[in-house]
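Q: The primary structure of each chain is shown beneath.
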Amino acid sequence: MKLKLNEAISSPNDLHGLISELRDYAKWYGQNAIKKQVHAKHITHEQPELSPAAKAILQDWASEHPVSRASLDELIQSLEKHLKGAPIMTVTLAAPATTGIKKQLTAWCRDNIAPGVLVRFEFNRNLLGGMVVRYGSHIYDWSVRRQILDGRNKFPEVLRNA
Amino acid sequence: MNIFLVIFLLVDVLLIGIFAPMAIRHAQAHFWHKKQEGSGGTKHGAVQNGHLPPSVREHLLEEAQRNFQHVLDSSAKELQQDLAATTLEIHKLVEKMGTEAVASELENYRTRLAELQKKTEEDMAGMRETIAAQQEELKAKVAADIQAEKARLLTQIDTRLGDAVTSFLLDAMQYEVDLGAQGPYLTKLLEAHKDEFKKEVGDETKVE
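Chains A and B supply the protein sequences, listed in that same order. Everything in the first sequence is counted per this note's numbering, starting at 1 for the first residue and increasing by one. Everything in the second sequence is counted per this note's numbering, starting at 163 for the first residue and increasing by one.
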C-alpha cells in the first residue's frame, strides 16, 4: 500500500511525532491484546491520545490491513522508510507559518511535485514577505527583500519619472 | 684689393710717363748745351766771347730761361691737369666700387633676410598647426573627462538614492508581515516553478 500523508504531517519533525505516536499506540495495542488473551482483570493502561493525523492514517491503514501489532509495526516501518527516503523541501517565510499556510503549501506540493514530499517550514523576519525555497541543491529566493534589493537600481528612474 | 693695386700701378705708370719725357728732355738739353759749350770753347770760344756782346748773351740767356720756365710751367700745368683728372677718375672709381660693394652686400643682406623671414614664417605656421592640434586634443579630452565624471556622479547619486530607498523600505516593512494575505501569492510562485521542482524530483529519483 502506498502511504498517503495528511496535510497536517508536513515536515520530517511532524512525521517523527506521528511515528512516535504510533509506536506508543502499537505498544499499548500489543499489551492490551495480550491482556485480553489472558483475560486480565486489571487493565491499568489507557489508550494513548492520538492526533487527528494519526487517527486518519490508522483509519487508512486499517481499511486495507487487519489491525494487529504486526501490521502496526509494519506501518511504523513504512513510515520510517518513508522518512529516510522522502524528498524534503524547506520553505522559509517572513513569519512563523500558520497552520493554514502550512496545509495549503504542503497540499500543493504533494499534488504537484511528489505525493510523499515533506515540507519543512522556517521563518526569517528579514525576508519581509514572500519565501525562500530550498529543494535539493537549489535555492529559490522569492522574498520581498530580494525583490527590493534587485530593484534598487530602478528606484531613481521611477523617481525621475514621477 | 686687386683693383686698388691696378689703380695704383696705373697712376704710377702715368706719373712715370709724365716725368720720364721731362727728364729726358732736360738731360738732352743739359748734355747738348754742355757739348756745344765744350766744342765752342775749343773751336769758337774765342770767337763767341769775342763776337757776342754781353747784352745779346744776356738776352739769349733770359730768353732761354723764359723758354725753360715756360716749358716747366706748361709741364707742371699738364701734370696738374692730369693729376686732377686722375684724382677725379680714381674718386669716381672708388665711389662706383663702394656703391657696387654696398649694393651687393645690401642685396645679400636682403636675400638672407628674406630667407630667414620665410623660414620663420614656416616654423610659425608649423607651431600654429601643432598648437591648434593640441588645443583640439585637449578640448576633446576635457570634454570626455567631464562626461565621464558626470556619468560617474549620476551613477553614484542613483546608487545612493537606490540604497536609501531600499533601506527605507526594508526598515518600514520589517514588522508588517501578514502571511495570511500571502497564501495565494506563495502558491502562485510555486506554480510558476512547478516544472523545475518536478525535474528536480525526477533527477533525485534517477540517482536513487
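To be clear, the hints were calculated from the coordinates, so they are not data collected in a lab. Do not rely on the hints blindly, as some may be mistaken.
As the list claims (entries may be wrong) - Stretch by stretch, here's where chain A covers chain B in the computed footprint (C-beta under 8 Å, at least three residues):
| id | region |
| --- | --- |
| 1 | 320-330 |
| 2 | 351-359 |
To be verified - Cut-off 27 Å, straight-line C-alpha distance, at most; resulting in silico cross-link-like pairs (DSSO-like, lysine-lysine):
| id | chain 1 | residue 1 | chain 2 | residue 2 |
| --- | --- | --- | --- | --- |
| 3 | A | 84 | B | 312 |
| 4 | B | 361 | A | 103 |
| 5 | A | 154 | B | 350 |
| 6 | A | 102 | B | 350 |
| 7 | A | 4 | B | 312 |
| 8 | A | 4 | B | 356 |
| 9 | A | 154 | B | 312 |
| 10 | B | 312 | A | 102 |
| 11 | B | 303 | A | 103 |
| 12 | A | 81 | B | 360 |
| 13 | A | 84 | B | 361 |
| 14 | A | 154 | A | 4 |
Predicted model only: the values in this text are computed from it and were never measured. Ideal Cβ positions, reconstructed from N, Cα and C, are used throughout, including at glycine.
Q: Now look at each hint and say whether the structure bears it out.
A: Verification of the hints:
no.	hint	verdict
1	320-330	holds (count 7)
2	351-359	holds (count 7)
3	A:84 to B:312	violated, 61 Å
4	B:361 to A:103	holds, 23 Å
5	A:154 to B:350	holds, 24 Å
6	A:102 to B:350	holds, 15 Å
7	A:4 to B:312	violated, 64 Å
8	A:4 to B:356	holds, 21 Å
9	A:154 to B:312	holds, 19 Å
10	B:312 to A:102	violated, 52 Å
11	B:303 to A:103	violated, 66 Å
12	A:81 to B:360	holds, 22 Å
13	A:84 to B:361	holds, 21 Å
14	A:154 to A:4	violated, 47 Å
Hints 3, 7, 10, 11 and 14, counting from the list given before, are not met by this structure.
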